[in-house]
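Q: Make the full structure from the sequences, and use the hints.
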Amino acid sequence: EAEARQQVITDPNAIMPAAFVSFKSRWGAAVCAQTQQSSNPTIWLTEWAPEPRDVYWNNLAIPFVELAVRRLIISVAVFFLTFFFMIPIAFVQSLASIEGIEKVFPFLKPIIK
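Numbering of the sequence shown is given in full-length UniProt numbering, commencing with residue 1 and proceeding in unit increments.
Note that these hints are calculated values from the structure, not bench results.
Ideal placement from N, C-alpha and C gives every residue a C-beta, glycine not left out.
It is possible that some hints are incorrect.
Unchecked claim - The following label-pair restraints were derived from C-beta to C-beta distances:
(1) Val-104 to Leu-60: 52 to 58 Å
(2) Glu-1 to Arg-70: 31 to 37 Å
(3) Gln-7 to Ser-75: 32 to 38 Å
(4) Ser-75 to Trp-48: 25 to 31 Å
(5) Arg-26 to Asn-59: 23 to 29 Å
(6) Lys-24 to Arg-71: 34 to 40 Å
A: This is the structure in structure tokens:
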């Protein structure tokens with residue numbers, strides 16, 4: 001058992017940013033879920049566990065570094081999608097008024113009037 005524990009402690013792939021704790025009584029679980037577990041309240045966040053059927057267990061084995069990289073990639077992708085989506089939106093918005101259409105497409109001026 002000590003050897004297995006040491007192997008888990010030294011293996012970086014075994015460290016997960018989540019833990020499940022079970023209690024013998026509901027009272028103990030309620031007390032633990034509602035109390036601060038550390039002097040810094042943002043280090044350990046406690047909450048009630050979801051139903052076991054609602055947990056995607058494969059996601060628990062994703063290393064913390066990989067989670068951080070995924071968050072960074074998604075944040076950058078959302079930024080660029082938002083930024084580049086604003087260009088066509090601004091163009092379409094400029095056409096929202098008759099004056100805007102006349103400025104962009106001057107050959108349509110006789111049709112508009």
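Q: If a hint holds in the structure, say so; if it doesn't, say that too.
A: Each hint tested on the structure:
Taking the beta carbon of each, Val-104 and Leu-60 are about 54 Å apart, inside 52 to 58 Å as hinted. Evaluation of the 31 to 37 Å hint for Glu-1 and Arg-70 yields a pass: the beta carbon distance comes to about 34 Å. Look at Gln-7 against Ser-75: about 35 Å separates their beta carbons, and that is inside 32 to 38 Å. Between Ser-75 and Trp-48 the beta carbon distance is about 28 Å. The supplied range of 25 to 31 Å therefore holds.
Remark: the range hint 23 to 29 Å for Arg-26 to Asn-59 is upheld by a beta-carbon distance near 27 Å. The hint said 34 to 40 Å for the Cβ distance between Lys-24 and Arg-71, and at roughly 36 Å that hint holds.
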